[in-house]
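A.B. asks: Chain by chain, the residues run as shown.
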Amino acid sequence: MRRVAVIGVGVTKFGLHDRTSAELFAEAAQDALTDAAIPATAIQALYYGNVVGGETEHQLHTGPQAASVLGIPSVPTTRFETACASSHAAFRHAVMEIAAGVSDVVLVGGAERVLNVSTAESTEYFAYASDAVWEQPLGLTFPGVFALIARAHMEKYGTTEAQMAAVAVKNHRHGALNPKAQFQKQITIDQVLRSAYVADPLKLFDCCPFSDGGAALVLASEEVARRHRKPVWVLGSAAASDWMLLGDKRDLSRVPATERAAAAAYRQSGLGPRDVDVVELHDCFTIAEIVATEGLGLFEPGAGGRAAEAGRTSLGGEIPVNPSGGLKAKGHPIGATGAAQIAEIVTQIRGEAGPRQVDGAKTGLTHTLGGNTATVLVSLFGRD
Amino acid sequence: MTESPITARAFFERVRAGQLTALKCGSCGELAIPPRQLCPACHTQAWQPLDLRGEGTIASFTIIRVAPRAHAGDAPYALAVVKLREGVSILGRLVDIPLDKVGVGLPVRFRPLVIGNQATVGFGPSSAA
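One line per chain: the protein sequences are A and B, in this order. In terms of the numbering used here, the first sequence opens at residue 1 and continues consecutively. In terms of the numbering used here, the second sequence opens at residue 1001 and continues consecutively.
Since the hints were derived computationally from the structure, they do not count as laboratory data. Ideal Cβ positions, reconstructed from N, Cα and C, are used throughout, including at glycine. Mixed in with the good hints, there may be bad ones.
What the hints assert, rightly or not - Some chain B residues well away from chain A (every beta-carbon gap over 12 Å; in silico): (1) ALA1017; (2) GLY1018; (3) LYS1024; (4) GLN1048; (5) ASP1074; (6) ASP1096; (7) THR1120; (8) SER1126.
Said to hold, decoys possible - Pairs of lysine-lysine residues, derived as BS3-like cross-links and limited to a Cα-Cα distance of at most 25 Å, are as follows: (9) LYS156(A) <-> LYS1083(B); (10) LYS1083(B) <-> LYS1101(B); (11) LYS156(A) <-> LYS1024(B).
Please model the entire structure based on the sequences and the hints provided.
C.D. replies: Written as structure tokens, this is what we have:
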């Protein structure tokens, strides 16, 4: 298999936009092409993530739509939908296309627009990622899924609401250093703990926001990448799935798909959790970050809450997690999230992250979770 | 080309009639909530329907305060993953249990529930409680 590198990244500001998701993608994609110093004519395929376009924009067929708006209408496109992990899934397939020798340059992207509909509508559409026959009719929501995980984690390990709040405070502190972040303001533990319950024990400030935004990556074969500045190599990329129904998950305090995807990505790269310098992971809710740090092997099961509270995952800590601000502060345009996480890790490994730079970051990891924890992707990145 | 012996539709018709039903693998004994084509443990298709007693305990729970549009009038309401005595678990809506009395380990009993004309799984107080 051929080596694959990321040679260009682009991310829009996350938050409220008055443009379509295809326009948001196209802005990010042009930035990625400029960053890669490669012409649009070099692109041989587009792998694209978009989740609720059919609901919020009445738009299916979003792959060619995105390619058309960018101005590369003739390249083959495929739209990926693995809930919130969509553009990370798109990325993994693009890596395989290049590694297999089918293409030399592939564009990966994702975008989402949800702030053009009401919170009640988007809450309903996001719930479509849970089972339509067994779970949606009960009134299950996305925060509800992670609230069930949080309660199980609290029961099993004694994790506290204050430890979860520490994740939100840390990610807002990081987000305040990121000009692309939806929220660039710090918050306090007290503010999190006093915010209203959305799905007990999760409160408003435990939850990431609804966001519009786009992200794009230019991937290239080693031969092409060698001609570009600072290629960041894909050292491993793995996907795993798990049961859809919450009742079928054996232990709600863990996310087995994270553990399986991480094991596979570590095996591909020959690296382990101790080798990782910086992590962008899926903190759709504060408890999700705690469980992910355990599933990725950064901390023992049950130790993630205490680690967050002790500052071990902060910028300047032993393993900085979500220097971008994470989904919590940077925002979570679900189709764009996986690609945006990779863009951040590439920026960190290049040493170009400015005030949120992790000193000496050479190896980075991204983790993206889909919906009810039934999809997880983990990828590892490094430099020469 | 045989369908699961209990389809989703059949499962909820039984729910409406007051019965929770699982599948038991005739080959290895694995239990599953239907529909399931193949046994995830031994990958054969030897399912037999198994009537569940409907008794279990709360494994985890949440109180939904911001609900999807169709359920907004019900909020706040509690959802729980219930571990049934036979070993399978299922998500259900809690009914007739005060929200401040809900806790992990609380014994509950299956209660057929119709939400928006759709039969679904509910759990109420255990008769032993």
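A.B. asks: Each hint: holds or not?
C.D. replies: Quick rundown of the hints versus the structure:
1. ALA1017: Holds: least Cβ distance 17 Å, greater than 12 Å.
2. GLY1018: 17 Å, holds
3. LYS1024: It holds; LYS1024(B) is separated from chain A by about 15 Å at its closest Cβ, greater than 12 Å.
4. GLN1048: 19 Å, holds
5. ASP1074: Nearest chain A Cβ is 6 Å from ASP1074(B), so the label is violated.
6. ASP1096: Since the minimum Cβ distance to chain A is about 16 Å, ASP1096(B) lies beyond 12 Å and the statement holds.
7. THR1120: Answer for THR1120(B): violated, closest chain A Cβ roughly 5 Å.
8. SER1126: 18 Å, holds
9. LYS156(A) <-> LYS1083(B): The given pair, whose Cα atoms are some 16 Å apart, holds under the 25 Å limit.
10. LYS1083(B) <-> LYS1101(B): 18 Å, holds
11. LYS156(A) <-> LYS1024(B): With Cα atoms ~29 Å apart, LYS156(A) and LYS1024(B) exceed 25 Å; violated.
Against the hints set out earlier in the document, violations occur for numbers 5, 7, 11.
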